[in-house]
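Asker: This is what each chain is made of:
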Amino acid sequence: MTDPVFLITSLVAVGSAVAAVTRRNPVYAAVWLLICFLSFAVILLQMAAPFLAAIHVLVYTGAILVLFVFVIMLLNLKDDELGEEYGTGVWAAASALSLGLFGLMAWPILADPKLSAPLPELPADFGSVEAVGRVLFVEYGLPFELVSLLIVVAMFGAMVLAKKRLWA
Amino acid sequence: MTTADWTAILPALCLITAAIAVVGADLWLKGRQIMLLAIISAIGASGALGLLIAHLRLDDGVHVAFGGALVMDHLAALLGVGVTVATLLVLFMSTTDVRRRHIGFGEYFGTLLLGAAGMLLLLGSNDFITMFVSVEILSISMYVLTGVTRRNPRSNEAAVKYLVSGAFASAFLLMGMAYLYGVTGSIRLDQIGAALSTGTTSPMLIVGFGLLLVGFAFKIGAAPFHMWLPDVYEGAPTSTTAFMAVAVKAAAFGALVRILMVAGVGRSDLWAWPLWGMAAGTMVIGNLMAAQQTSVKRMLAFSSIAHTGYGLVALSTMRAPYGSFASEGASAALFYVFAYTFMTLGAFAFLIYLGHEVPVAGRLETEWQDAEHLDDFAGIARRRPWAALAMTILLISLGGFPPTVGFVGKFWLFKSAVDQGHYALAILGVITSLVSLFYYLRVVVVMFMKDPIHTDEKTHWTIGAVVAFATVATLAIGIWPDAFLDAARKATDELSAPKAVATAPAPTDAAPQVALTPLP
Chain G
1 MTDPVFLITS LVAVGSAVAA VTRRNPVYAA VWLLICFLSF AVILLQMAAP
51 FLAAIHVLVY TGAILVLFVF VIMLLNLKDD ELGEEYGTGV WAAASALSLG
101 LFGLMAWPIL ADPKLSAPLP ELPADFGSVE AVGRVLFVEY GLPFELVSLL
151 IVVAMFGAMV LAKKRLWA
Chain C
1001 MTTADWTAIL PALCLITAAI AVVGADLWLK GRQIMLLAII SAIGASGALG
1051 LLIAHLRLDD GVHVAFGGAL VMDHLAALLG VGVTVATLLV LFMSTTDVRR
1101 RHIGFGEYFG TLLLGAAGML LLLGSNDFIT MFVSVEILSI SMYVLTGVTR
1151 RNPRSNEAAV KYLVSGAFAS AFLLMGMAYL YGVTGSIRLD QIGAALSTGT
1201 TSPMLIVGFG LLLVGFAFKI GAAPFHMWLP DVYEGAPTST TAFMAVAVKA
1251 AAFGALVRIL MVAGVGRSDL WAWPLWGMAA GTMVIGNLMA AQQTSVKRML
1301 AFSSIAHTGY GLVALSTMRA PYGSFASEGA SAALFYVFAY TFMTLGAFAF
1351 LIYLGHEVPV AGRLETEWQD AEHLDDFAGI ARRRPWAALA MTILLISLGG
1401 FPPTVGFVGK FWLFKSAVDQ GHYALAILGV ITSLVSLFYY LRVVVVMFMK
1451 DPIHTDEKTH WTIGAVVAFA TVATLAIGIW PDAFLDAARK ATDELSAPKA
1501 VATAPAPTDA APQVALTPLP
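If you read the sequences in order, they're chains G and C. Counting with the numbering used here, you get residues 1 to 168 for the letters of the first sequence. Counting with the numbering used here, you get residues 1001 to 1520 for the letters of the second sequence.
If we strip away everything but chain C, and leave its shape as in the complex, we get:
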């Protein structure tokens, strides 16, 4: 393996090693010593985080590894930082949460880490096979984490729904990849991009890009393929929901940006308008449905659909109505997805923070229940003013108000839409953001102005610390966003650079391309 190979795969290897070590150690420890397992996992995740940050700081260009199958660039590093930070925060919460929910620690940590490894690989993958295998790694680990509370029927139902709809989405994704391979004779994104830019055309491209978009729309929860999302997010244990909402979305968005900017750059006419429609529909449906929910967890699920819509706005504005291509939208989308990590993770962690134990019908034991209904939040500000303040900041950020990161993200996103002449999308985005304020601020009103109904929540400092970290990050990146904005810009610059990926070193053992003869 070359240096580039190691650079590209080492962050994922850290997570994989930690995952195997945790499951092995769990056998040894027979289910005791959760802290030791958590520390092993945290070492792996911190190693990955450190390597990714080092790549961002060193800024030594694009590393093309494994004959072009995997790359390490700013896109992979920036969103990889988001994914690994989310992994670390969820690990930290889990030390309390997993015990309370009676989940096996070893498998939980192992599955979480392997899922995160799949996300890092997906962010770096530069050919369709690596991409598809990574998507499957992260999807399967998410199916498992959704159904990890085996005794909870809602969790089981959510896992089965997710598995079935996710399998459909994977089939669509694979079929789209097969069509694009059929047209261009290559599965490497840069080679597909080169073939499409030099005029290879076919009616199969329409179906190929269409199927790819359907597959990704399923994974990120864009309308009209969002139906599974509220049920799955509501049924899954909240720590899993938080991880799914931020990390899966970041990884899938990153892969989508890479496909569109590297493979699809020459034919933006094929995907920009479908994305435009999906963005508009997703914003409207997500926000209108979120406004009707009385369960805060379900409201946050619909709000995550709405935020997917905002990300898609940025992607679809890469192509202006009159046809020119600009990468600014993609960098806005990358920054938005990165920013969204902290606010959403914090908001979901707050639901766990206010959780309490409820008796199970017909048994002597109790079961852990997170704060879900609006009533659970009534009067929290009187007893826990700091926690209520933190949640208020997170919700304000989700709504897109200064001085939070949500404002910076939305500002840049709508600015890119206006710059490219997509006025309709920008106006629709602003209007739906105003609608979103209604349901975000409703929670704030209930927290500060209602009398308490429940007073039996069992808070724990680990979860409070996660909420606090997310709040501080939301504010800090909102006030000093420059480093991250630059990283997002650099990420899309690298993707637009024509020779960035094409200079891949040939495989050392030059293999004749027997099975990959391009079509005439």
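Chain G on its own, in the form it takes in the complex:
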């Protein structure tokens, strides 16, 4: 936990996430989200998961965030369309709730003595494309195939939402 790189990247991740939530201008929020995703990729790299880090950059910043920006540009919201700003009371309550939930989820990790023990030595190919692929396609072959089903459902949903003529 004292690793300076981890400390800096995680602080950047948390800070940019907070900024992404609190910015009023949606484009600024999207850019903060981009920084948040990138710092996550650095954390993954540090956890000896280079493949996951690359996928994270590709999928989140490459696909999802670009989609966000497209939608923001399509909607082209004016300032008065963004709605009323919340009062300080609402912000205070929301921050207190978030901090409370974070504390609730963080204390057991800090309180568990086993988690402060040093981790076992990792295998040499840990986190490599081969290792991830073997786990993904052999050990978790079924869930992997089910994800394709998930995408089919999402596609049906897009068809329902976007189809021009509703009935013949």
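Derived from the structure by calculation, the hints contain no laboratory data. Glycine residues also receive a C-beta, built at the ideal position from the N, C-alpha and C atoms. Be careful, since some hints might not be right.
[Said to hold, decoys possible] Here are the simulated SDA-like cross-link-like pairs (lysine to any residue), alpha carbons at most 20 Å apart as the crow flies:
id: 1; chain 1: G; residue 1: Lys163; chain 2: C; residue 2: Arg1032
id: 2; chain 1: G; residue 1: Lys163; chain 2: C; residue 2: Leu1029
id: 3; chain 1: C; residue 1: Lys1415; chain 2: C; residue 2: Phe1325
id: 4; chain 1: G; residue 1: Lys163; chain 2: C; residue 2: Pro1153
id: 5; chain 1: C; residue 1: Lys1030; chain 2: G; residue 2: Met159
id: 6; chain 1: G; residue 1: Lys163; chain 2: C; residue 2: Arg1151
id: 7; chain 1: G; residue 1: Lys163; chain 2: C; residue 2: Asn1156
[Stated by the list, open to error] Partial selection, computed: residues in chain C whose CB lies under 8 Å from chain G:
id: 8; residue: Leu1121
id: 9; residue: Ser1134
id: 10; residue: Ile1140
id: 11; residue: Val1144
id: 12; residue: Leu1437
id: 13; residue: Phe1438
We have chain G; now place chain C onto it with these hints.
Answerer: Showing chain C alone in chain G's frame:
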């Protein structure tokens, strides 16, 4: 793939194949020939139903498939029968209903079938990843089906509300799974159960089980996580509401029972008391809110919350106040959820049965509107005595009176509560059941004793047939419940059997567990 693999996945594969075939055929047919699409879907669903019934009849033990990711046992088969019967009934209703609501047939049937496939997979899933992916499959198909009437603002609002709250629930679920993995180093339910039974302990377990329960409470609509449910059930087209109310609930309850009995059996102290509180709160809130509604559809939505509460009573009584563990509560819950399928589906179908067309403001067309307000039911018994009688039987069953299945279910449920020494819950359950009679019988009174107000309902025999089937099933299972009670008992026996799942065959290509090194 081995025989066990095929046995476990074939029912879901039937539904998936039918879903893809329907959407493909719809492109070909360009939106005509709804009956052909319905027949393809029905063949898929009937195939799944036949396979599941065959498994129940053959009774040849637990099939562990895909290296322990998926199992086919009595729990998956029994509730799977409930899910596929509900799918078939909704398909049958849809042949009329979809046309009247101007919904695209192909996508509707396809999404419905894939949702049902997700439920079957969820019922059989034995590790957290398969479980989570299945939950997402069924959730996304339900979001789509909720918003499927695109021109109806209520339907759109319901879909967005469901999507946002459902995404939160999924995040909680996933976080809980991550905590349990962190403690035990495994995502397989049986391995987690083994680790917890042999004394692996950590403060992370409290948060892990807590988050899991929150996620599932969202999905089944248990208080205090029920806020989304009335709005979504009211806004969704009624055939979707019926499907959500019975099938989603059955699948999520089945998965919850599997988690609690396989993974959580050694640490019932962590989840029994939260469930106890949720059960009590859900029964009280569901029944009290239902009593205040004048919209029958919203009343049935709150009543489904109340019934979730009764199911949770049974689950929480698995742990007695003095700490011993008994699986009787789980079998009572399974039977109750199965029984609840028929009565609730029938009651919602009755709302569609009495629907009528209303003019849309500012346009020349008409829009389909189901019977929702109490006034829509006034004097129905004079003009349609048989339909009114069927609805009366369904409502009596929901209230828990003999000779219906609702009575058998509630009797067994409260009996398991009393046997385990949970007197407070049993008394609370009986009192809230009495409250529920008030709002169920109010509909009966309006049907039989008021003068008709609306006489323009457009009934159709397909929907009447669904109501009739549900009524007959409610009565028949209520009078001869033994086969289903036995199946529910066997389901929990299989889950309690220590080696039932642990004898999983190793994956054929033995993979080194590189990414899954357990924590020290």
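Asker: All hints, please: hold or fail.
Answerer: Each hint tested on the structure:
no.: 1; hint: Lys163(G) - Arg1032(C); verdict: holds, 16 Å
no.: 2; hint: Lys163(G) - Leu1029(C); verdict: holds, 16 Å
no.: 3; hint: Lys1415(C) - Phe1325(C); verdict: holds, 16 Å
no.: 4; hint: Lys163(G) - Pro1153(C); verdict: holds, 17 Å
no.: 5; hint: Lys1030(C) - Met159(G); verdict: holds, 14 Å
no.: 6; hint: Lys163(G) - Arg1151(C); verdict: holds, 13 Å
no.: 7; hint: Lys163(G) - Asn1156(C); verdict: holds, 15 Å
no.: 8; hint: Leu1121; verdict: holds, 7 Å
no.: 9; hint: Ser1134; verdict: holds, 7 Å
no.: 10; hint: Ile1140; verdict: holds, 5 Å
no.: 11; hint: Val1144; verdict: holds, 4 Å
no.: 12; hint: Leu1437; verdict: violated, 39 Å
no.: 13; hint: Phe1438; verdict: violated, 37 Å
In the structure shown, a violation is registered for the earlier hints numbered 12 and 13, in ascending order.
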